[in-house]
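Chain residues, written in single-letter form:
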Amino acid sequence: MRFYTNKGDKATRFGFGEGVLEAAKLNPSVVGIGVDITASVSMDLFANQFPERFFSIGIAEQNAVGITAGLALSRKIPVFSTYGVFAALRTTDFIRISVCYNNLHVIIGGAHAGISVGPDGATHQALEDIAIMRVLPNMTVLSPADATQARLLTEKAINDLEGPVYIRFGREPVPDFTIPEMETNIGKGQILKEGNDLSIVATGHMVWEALQAAYSLKKKGINSRVINLHTIKPIDKEILIKAAKETGKILTIEEHQIHGGMGSAVAEVISQHYPVKMRIMGFPDQFGESGTAGELLQKYGLTAGNIKKECEILLDS
Amino acid sequence: MATTQLEHIAKDIRKSVLISLTEAGSGHLGGSLGLADVFTVLYFQIMKHFPEKPNHPDRDKLILSIGHIAPVLYATLSEAGYFEKEELLTLRKLGSRLQGHPGRDHGLPGLELSAGSLGQGLSVAVGMALADKMDEKKREIFCILGDGELQEGSVWEAAMSASHHNLNHLCAIVDRNGVQIDGQTSDVMNIEPLADKWKAFGWEVLECDGNNIDSLKETFSKFPTVNKPTVILARTKMGKGIKTIENDFHWHGRVPAKSELPDFLKELE
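Chains as they are written, first to last, in my numbering: chain Y, 1 to 317; chain U, 1 to 269.
One or more hints might be untrue.
Unchecked claim - Chain U regions said to be covered by chain Y (calculated; three or more residues, Cβ under 8 Å): (1) 106 to 114; (2) 159 to 170; (3) 241 to 252.
Keep in mind the hints are simulated off the structure, nothing from the lab. Remember, it's a predicted structure, so these values are computed and weren't measured experimentally. Here a beta-carbon is modelled for each residue, glycine too, at the ideal position from N, C-alpha and C.
Kindly generate the complete structure, drawing on both the sequences and the hints.
Structure (structure tokens):
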């Protein structure tokens, strides 16, 4: 089993931007939609290289989503990105009807996801987007673990899928540890570390934290399995049921509300197919606040140290 | 096509609307009757379309933003030959391709968009027009909006973006019947001065009698302009054709009882 190391910190938003650019180089149908924060969500890479394929719509997210539907109906592959709070929530009805009900291949990038956005505070911390996007029929929901994976999944979402896709990524630099040679397929979870004492299922920025927790549990003789669930929908039932059967306990961790997020999605599978004891870690059904990313992650327990502690509690229960 | 011929088609479309909605037992009659003349002129005079090949790449496209008046779209599509008229009797029934509000997933030919949540269609039409502009494709995009729908702020986001991007091959048609579910539009939420609003958003504004074939023909002939999107404020009567229904907002979401249908059909003759 591979021991993952940090190749250097990099924000997942840059992986998204690079993925869009790479896909666009090969496919002239890829078009971009900007809603005023183009560089912030790293769509500037695409906009600078393909200005004739980039449409500025201004601060009008609902209109932007409707426009993506029209572009997709005219055989384009539109990529629309803004902060996750707006991309997923302000636009929800437009995504539901114009994009999902029409089942159109539209890529929606939810930037600045999670509490780690930091000082901007609660209004800009997307903590509900997974819950809302994953209940929409036809929608695929992706949550890459690092910048390398964000790039890979973005390219695959554009090139290989047919329906609507929501990709969630963050603002702050985080460890970049996945390697391009890893088998990464949309709809398939990844076992990053084997173990049979319990399973830690993580998504997004929390995957690195989960790995660190697992490495330190190992020093105490506890062999945990770490699963990167980069695709939240369609969910990989197989890998989860196998984890339940072989490890008997599952802890989930995400930078999102504990209600309705990835942990809930895992529980929906486990409770129906192979019930085992679970612990869902995430944000505690409240709004965020200002602070540095590090301070906030610490305060709300979204750290390797706290994951380790919760694993021990789960094992003792 | 001669005006008398178009008037005859409009009458047939109204009959189909009445019959299908009576059979369905629910749905939106008033707006469907009011727009029959607009649909007739679009599908039988103005638009380039191919009922035998619904997905023809060179077709003009019609986006129905007010999905609730689907019955007049369905009646028009069947009148134009996209599918048999008998299928209109399946409207709103389980397994039907004629959903209560348009749903493309059910495979009805000629349907461009699943829609029903107000305030979205013009944005989709803008996206289509942008794609055509990028591809240098000569094609007209028509979008039908309700006047009450203009109370949705997103319509104005879309309006702003259409003129910003000089989408001159986009034509919005506003069904200006002045009524909505709660009553007169001027009482529920005033939208006037409407022409000035669209002008201020950079659109070419045309007005016409939306229940007069000649007026519609003449107005559509002024579209497109060289650099601006066009909006047609089409004054219509909700329930047009049936005197007891005309302009009565209670008929927005009502359908005839089976006992009323024969008299209504007779009145159209």
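Okay, the hints, checked on the actual structure:
Residue count for the region 106 to 114 of chain U with a Cβ under 8 Å from a Cβ of chain Y: 3. That meets the three needed, and the coverage hint holds. Taking a C-beta to C-beta cut-off of 8 Å, the region 159 to 170 of chain U contributes 4 residues in contact with chain Y, enough for the three needed, and the coverage statement holds. With 0 residues having a beta carbon nearer than 8 Å to a beta carbon of chain Y, the region 241 to 252 of chain U misses the requirement of three or more and the stated coverage is violated.
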